[in-house]
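Q: Sequence:
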Amino acid sequence: MAQAPRNIVFIGETGSGKSSVINLIADHNHAVVSPDAMPCTSDFSVYDVTIERRRYMLWDTPGLNVPSSIGRLFRRQTSAIGSIRRFLQERHRRGELDLLVYCVRGSRASDAMSRAYKLFCHTTRRIAIPVVIAITHLERAQPTMEAWWQDNERRLGDLGLVFDGHACLTCLSPHHRRWASQRDIRLLISAEHRPRALSTLSDREYLNDPGCVVC
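The opening residue of the sequence shown carries number 1 in our numbering; numbering runs sequentially from there.
Simulated from the structure, these hints should not be mistaken for lab results.
Heads up, some of the hints might be wrong.
[Claimed, not checked] Okay, the calculated beta carbon distance ranges per label pair:
1) Ser-107 to Trp-179: 20 to 28 Å
2) Asn-208 to Ala-147: 38 to 46 Å
3) Gln-142 to Pro-174: 17 to 25 Å
4) Ala-2 to Lys-118: 32 to 40 Å
5) Thr-50 to His-175: 18 to 26 Å
6) Arg-204 to Asp-27: 18 to 26 Å
7) Lys-118 to Gln-150: 18 to 26 Å
8) Ser-173 to Glu-205: 38 to 46 Å
9) Gln-142 to Glu-205: 39 to 47 Å
We put the CB at the ideal spot given by N, CA and C, even for glycine.
Please model the complete structure; the sequences and the hints are all you need to start from.
A: Here it is in structure tokens:
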């Protein structure tokens, strides 16, 4: 009997490198990548990839930008966040949510990152689905890309951002750090992560907080 594919959902703000990470994993330009921070993923896309005889469904999502208070921009961002919320609920209902990958640019941990985490990542961990972080744009990090994690892990914890695994990456090609990045992100999505104990949340409660502005 064939093994069921492993469903991996990638979320992150516009320009965080979600599509680039998917291409890095697949070693192929499946997902469209935009220059700088211009949005390019406006819908949900899935890529069927086999790595070392294991099948993965890699789900790309629209940019997860925290809502601002500026008219049309607020409406567009809350619409995107609401769509992602409903998408995750549907994946979970179908049993197609094995891992959530939160992609962030390699800058200092911020309050905006914390708000986005609380919208999706914290609640997802409460239903025992692991959440990992992929830090991108680290091609200039010194002395190694892993130095970002060493410098920021404590601050992430202070902000309440807890992850079940991490990978520090560059998606540039060609780049001498690309092979190590591909190895690390593939190891991250293939590992059987065990979320740290959190208060339980029923399936019906998942992402159904009545106080959430995007619900």
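Q: Now look at each hint and say whether the structure bears it out.
A: Each hint tested on the structure:
no.: 1; hint: Ser-107 to Trp-179: 20 to 28 Å; in the structure: holds, 24 Å
no.: 2; hint: Asn-208 to Ala-147: 38 to 46 Å; in the structure: holds, 39 Å
no.: 3; hint: Gln-142 to Pro-174: 17 to 25 Å; in the structure: holds, 19 Å
no.: 4; hint: Ala-2 to Lys-118: 32 to 40 Å; in the structure: holds, 37 Å
no.: 5; hint: Thr-50 to His-175: 18 to 26 Å; in the structure: holds, 25 Å
no.: 6; hint: Arg-204 to Asp-27: 18 to 26 Å; in the structure: violated, 39 Å
no.: 7; hint: Lys-118 to Gln-150: 18 to 26 Å; in the structure: holds, 24 Å
no.: 8; hint: Ser-173 to Glu-205: 38 to 46 Å; in the structure: holds, 42 Å
no.: 9; hint: Gln-142 to Glu-205: 39 to 47 Å; in the structure: holds, 44 Å
Hint 6 from the earlier list is the only one contradicted by this structure; the remaining hints agree with it.
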